[in-house]
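Here are the chains, one letter per residue:
Protein chains: 4
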Amino acid sequence: MCRWLAYSGTPVLLHELLFEPAHSLIDQSLHSRLGVETTNGDGFGVGWYGEGNDPAVFKSVEPAWNDRNLRELAGHIRSGLVFAHIRASTGTPVQQTNCHPFRHGNWLWMHNGSITRFHEVKRDLQLAIDPALYLDLEGSTDSETFFFLALTFGLEDDPPSAVERAVGFIDHVGRSHGIEFPMQMTVATSDGTRVWGFRYSTEGKSRSLFYSTLVATLRQEYPDNPLFARLSDETRIVVSEPLGDLPGAWNEVPESSYGVIQEGQDELHHFTPRPPA
Amino acid sequence: MCRWLAYSGTPVLLHELLFEPAHSLIDQSLHSRLGVETTNGDGFGVGWYGEGNDPAVFKSVEPAWNDRNLRELAGHIRSGLVFAHIRASTGTPVQQTNCHPFRHGNWLWMHNGSITRFHEVKRDLQLAIDPALYLDLEGSTDSETFFFLALTFGLEDDPPSAVERAVGFIDHVGRSHGIEFPMQMTVATSDGTRVWGFRYSTEGKSRSLFYSTLVATLRQEYPDNPLFARLSDETRIVVSEPLGDLPGAWNEVPESSYGVIQEGQDELHHFTPRPPA
Amino acid sequence: MCRWLAYSGTPVLLHELLFEPAHSLIDQSLHSRLGVETTNGDGFGVGWYGEGNDPAVFKSVEPAWNDRNLRELAGHIRSGLVFAHIRASTGTPVQQTNCHPFRHGNWLWMHNGSITRFHEVKRDLQLAIDPALYLDLEGSTDSETFFFLALTFGLEDDPPSAVERAVGFIDHVGRSHGIEFPMQMTVATSDGTRVWGFRYSTEGKSRSLFYSTLVATLRQEYPDNPLFARLSDETRIVVSEPLGDLPGAWNEVPESSYGVIQEGQDELHHFTPRPPA
Amino acid sequence: MCRWLAYSGTPVLLHELLFEPAHSLIDQSLHSRLGVETTNGDGFGVGWYGEGNDPAVFKSVEPAWNDRNLRELAGHIRSGLVFAHIRASTGTPVQQTNCHPFRHGNWLWMHNGSITRFHEVKRDLQLAIDPALYLDLEGSTDSETFFFLALTFGLEDDPPSAVERAVGFIDHVGRSHGIEFPMQMTVATSDGTRVWGFRYSTEGKSRSLFYSTLVATLRQEYPDNPLFARLSDETRIVVSEPLGDLPGAWNEVPESSYGVIQEGQDELHHFTPRPPA
Numbered sequence: 003m004c005r006w007l008a009y010s011g012t013p014v015l016l017h018e019l020l021f022e023p024a025h026s027l028i029d030q031s032l033h034s035r036l037g038v039e040t041t042n043g044d045g046f047g048v049g050w051y052g053e054g055n056d057p058a059v060f061k062s063v064e065p066a067w068n069d070r071n072l073r074e075l076a077g078h079i080r081s082g083l084v085f086a087h088i089r090a091s092t093g094t095p096v097q098q099t100n101c102h103p104f105r106h107g108n109w110l111w112m113h114n115g116s117i118t119r120f121h122e123v124k125r126d127l128q129l130a131i132d133p134a135l136y137l138d139l140e141g142s143t144d145s146e147t148f149f150f151l152a153l154t155f156g157l158e159d160d161p162p163s164a165v166e167r168a169v170g171f172i173d174h175v176g177r178s179h180g181i182e183f184p185m186q187m188t189v190a191t192s193d194g195t196r197v198w199g200f201r202y203s204t205e206g207k208s209r210s211l212f213y214s215t216l217v218a219t220l221r222q223e224y225p226d227n228p229l230f231a232r233l234s235d236e237t238r239i240v241v242s243e244p245l246g247d248l249p250g251a252w253n254e255v256p257e258s259s260y261g262v263i264q265e266g267q268d269e270l271h272h273f274t275p276r277p278p279a
Numbered sequence: 003m004c005r006w007l008a009y010s011g012t013p014v015l016l017h018e019l020l021f022e023p024a025h026s027l028i029d030q031s032l033h034s035r036l037g038v039e040t041t042n043g044d045g046f047g048v049g050w051y052g053e054g055n056d057p058a059v060f061k062s063v064e065p066a067w068n069d070r071n072l073r074e075l076a077g078h079i080r081s082g083l084v085f086a087h088i089r090a091s092t093g094t095p096v097q098q099t100n101c102h103p104f105r106h107g108n109w110l111w112m113h114n115g116s117i118t119r120f121h122e123v124k125r126d127l128q129l130a131i132d133p134a135l136y137l138d139l140e141g142s143t144d145s146e147t148f149f150f151l152a153l154t155f156g157l158e159d160d161p162p163s164a165v166e167r168a169v170g171f172i173d174h175v176g177r178s179h180g181i182e183f184p185m186q187m188t189v190a191t192s193d194g195t196r197v198w199g200f201r202y203s204t205e206g207k208s209r210s211l212f213y214s215t216l217v218a219t220l221r222q223e224y225p226d227n228p229l230f231a232r233l234s235d236e237t238r239i240v241v242s243e244p245l246g247d248l249p250g251a252w253n254e255v256p257e258s259s260y261g262v263i264q265e266g267q268d269e270l271h272h273f274t275p276r277p278p279a
Numbered sequence: 003m004c005r006w007l008a009y010s011g012t013p014v015l016l017h018e019l020l021f022e023p024a025h026s027l028i029d030q031s032l033h034s035r036l037g038v039e040t041t042n043g044d045g046f047g048v049g050w051y052g053e054g055n056d057p058a059v060f061k062s063v064e065p066a067w068n069d070r071n072l073r074e075l076a077g078h079i080r081s082g083l084v085f086a087h088i089r090a091s092t093g094t095p096v097q098q099t100n101c102h103p104f105r106h107g108n109w110l111w112m113h114n115g116s117i118t119r120f121h122e123v124k125r126d127l128q129l130a131i132d133p134a135l136y137l138d139l140e141g142s143t144d145s146e147t148f149f150f151l152a153l154t155f156g157l158e159d160d161p162p163s164a165v166e167r168a169v170g171f172i173d174h175v176g177r178s179h180g181i182e183f184p185m186q187m188t189v190a191t192s193d194g195t196r197v198w199g200f201r202y203s204t205e206g207k208s209r210s211l212f213y214s215t216l217v218a219t220l221r222q223e224y225p226d227n228p229l230f231a232r233l234s235d236e237t238r239i240v241v242s243e244p245l246g247d248l249p250g251a252w253n254e255v256p257e258s259s260y261g262v263i264q265e266g267q268d269e270l271h272h273f274t275p276r277p278p279a
Numbered sequence: 003m004c005r006w007l008a009y010s011g012t013p014v015l016l017h018e019l020l021f022e023p024a025h026s027l028i029d030q031s032l033h034s035r036l037g038v039e040t041t042n043g044d045g046f047g048v049g050w051y052g053e054g055n056d057p058a059v060f061k062s063v064e065p066a067w068n069d070r071n072l073r074e075l076a077g078h079i080r081s082g083l084v085f086a087h088i089r090a091s092t093g094t095p096v097q098q099t100n101c102h103p104f105r106h107g108n109w110l111w112m113h114n115g116s117i118t119r120f121h122e123v124k125r126d127l128q129l130a131i132d133p134a135l136y137l138d139l140e141g142s143t144d145s146e147t148f149f150f151l152a153l154t155f156g157l158e159d160d161p162p163s164a165v166e167r168a169v170g171f172i173d174h175v176g177r178s179h180g181i182e183f184p185m186q187m188t189v190a191t192s193d194g195t196r197v198w199g200f201r202y203s204t205e206g207k208s209r210s211l212f213y214s215t216l217v218a219t220l221r222q223e224y225p226d227n228p229l230f231a232r233l234s235d236e237t238r239i240v241v242s243e244p245l246g247d248l249p250g251a252w253n254e255v256p257e258s259s260y261g262v263i264q265e266g267q268d269e270l271h272h273f274t275p276r277p278p279a
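Protein chains in written order, with the numbering used here: chain Y, 3 to 279; chain P, 3 to 279; chain B, 3 to 279; chain A, 3 to 279.
No lab work stands behind these hints, which were simulated from the structure alone. Here the structure is a predicted model, which means the values were calculated and not measured. Take these hints with a grain of salt, some might be off.
Copies of one chain are not kept apart here, so a pair can be met inside one copy or by any two copies together.
As the list claims (entries may be wrong) - Pairs of lysine to aspartate or glutamate, DMTMM-like flavour, derived with a Cα cap of 25 Å:
#	residue 1	residue 2
1	Lys207	Glu236
2	Lys124	Glu140
3	Lys207	Glu269
4	Lys207	Glu122
5	Lys124	Asp138
6	Lys207	Glu39
Required output: the full structure, derived from the provided sequences and hints.
Below is the structure:
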């Protein structure tokens, strides 16, 4: 299992986002509170939008807590849309091509959870990937296969629908292999403009997921907080577990739902996997 | 492209095999003479048979010439059947799961060359892999796919036939994609008892491959050489390029042929790809 | 802080030693019970005596729990004298030259603990190192400096005396810098024949250290245990924390003491730092 | 030996600087033309000024030619003052703390060449380092020791004088050890505003060093070149070897001299080591 963070809003230094919070993602790499594993030391990745259309991705097989390059880059890169992910492998090798976020064109994707008994369903799932995409599979994780299925089902056109179809397909294939609860997930994806966050598991006991309270509200409750004064009203964070203990700052994403972070009003909807026709 | 070495015979320290020869494999990682690339710095791997039935495999993404662990292990591990491979990537990522030798049960496999435009034929080739094996694909190289095809076609029962069928299939799939010369290869494989070495390319211009002269002959010609005095008559080395300039020590493996190193008389045969029925 | 294990006795596969016990050292890399840090993921090292006079050392900056090469090697290397160490950095970089065990000639050395405020005393300590040894300092840890001081004070001739003088010197230098408790340590060192284990801290609250009960006794208490049946009477393990919960199997090394594992009767003595004259 | 590049001028993507030129630094990592070694595959480093006062430094032990993170970052980081260095180790370990550029506060430093028989003079040189700086030595290269000596001799106040004193000291210590030609170097250093480049060797046969022709001149000679149209008149590159074969674009830095790249007129002066008083 893993932990992740998605940030959208006022451009900040990655250091402010990844290292400075009380219970930062880097801290979670050593001491996760809500994860299945307390240690998430099997590599990490950071993706951000900045120069050019496509996001940059920096990945390492070292634990995030002791990677000097991450600390260096975090102190010198500023972005308004950031994905970060710390990995606890569920068995597949620790290599950069297995680190999240995954990228396709201007899309980023990261996942916490797993496809149950992935080894057994791997071939059936990968055969369903668009042949043109299949060639670009580089790693061996369930998460990358899941991403490529979502792309196959139209992620670039309609993310919620594509993820619902991908999950419906995975649930279907899993059950045909006798797997009771095939899917366990929280997922974030972005095209550089909007961010979608999903929480679902076949079992209905999904990995934790939280979103930050509206900055306007936080500013009102904490008028002396300099951070809230600086962040735009559009700023929002979605995280596997809260970055600190500030009362009122974090809200749990409900089971079987997804949210959209975007210009103007954000959205929260029910998530319903769509089985193959 | 890459360089490799297969050794079978009197147990030796890996150091004697990999570091000490005049133009050793480690030297070839920086200064290959006959390779397509002079530098083979994209990781390496060593496999050897010793304790237990299955061989050990040590792999690293660092260049072989500056890997301290390799130097350490080479000075302390002794084996009578050793595979070593230095990699020059043809595009796929530098990660341990892409380093040779690959292993399946008690079998080792390493490859120099490439499947032409692998990206285009990858899916067709991987679909032909035995579904039970497909699940164990860990890397993204053409060489691993080739190994798994050979296993699918019966490597464990009849290696020459299986490799001929795998290559016939790859040639067939490649041509159906409009590829004139789909296959370029030297390959070594072993079950821990015998070693098979193959040289073939669709074009008939294969990567270089050499085998060492009979130790009995070398001993006669070089009566004062302490190494030849020490090695058993059964000892044989197969290499991408000679390990030194000793006259009479190295013989080119002919185009489109394969050899078998085994107890008693070694063999050399013609290699004929078998197209799918 | 760190965790370590020293084994002397019947030659075993490293895998039996490092992976198979209930609360193995590899398990401790993720979930230490008695360590200052629960995670020891900042690299590791294994040293063993076998071929040749000098021990082999294998080191990696990856966490021990997910290092494939360690697992491979552990399954194929057999030795009767093994040191293994998992690291939790106290600030110095995660690099192979900072991983234990350190080696000098046929000597191995590993350390858990720290020289308090090492940064401040580093120069004074390193100036006291024998100039001929100074040149071989490769890393930046307090532990390597400690080792080189012990060598300077005669480790190769009389280990207990040399360590007592090195620690006395470190205590002296530390106090001259206003440091109340300069030293915190458990240490193991070996020349390939005997193993010395030390437990000491200026404060008198040293890191945990345990030694295994005599095999003869264990065999008597657990007559059906196949492991105890196989191990020689001379076999002994010293560890930062017990490898399992077997009643009667582990004994705490007393504060301020050191033990010697050797042919015949092992020894346990009081440890008294010797201040510089 | 190594290769390096220092850029000062119009902010550019690192990719334009490191990957796009005909004979780019990345190309030189595999195929150097003028270096002592054709392969510079023992790690690399990039430093750049941007956010904040202090420069960022990204280092890796992988060869530059196959490091995916370098390629990612190069495509997304823009800077007007960039140092890049590819390493060919002269014996010290391949680890990040031995990669250039080195940093102290807002200063960067990189070096090609070596202190002859560094092992023998290491202690004498390091004892001369300001004790407050000594504590920050992290690696084991001659280049880092050289940097710390230059800092000790006043680099931050008067770089040419400090380097002349450091080199005079190194020449002096070397000769007292019976070393005929103690110093071989090209060096670049910067405070984020100006860049100093040095070329010197005791022997008078220094490693190659080149600086780019004035952009105004290049623009006149190549009126259709879009790059020259885009770069400011202040833009200047200093490199170990030319990045391409454009006639008139590169000028050799004379033996025993140093240059200053700065706002307004750049400078070129004679370099004279100053022996200790």
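Could you tell me which of the numbered hints above are not met by this structure, giving the numbers in increasing order? Number 1 - this is the single hint that the structure violates.
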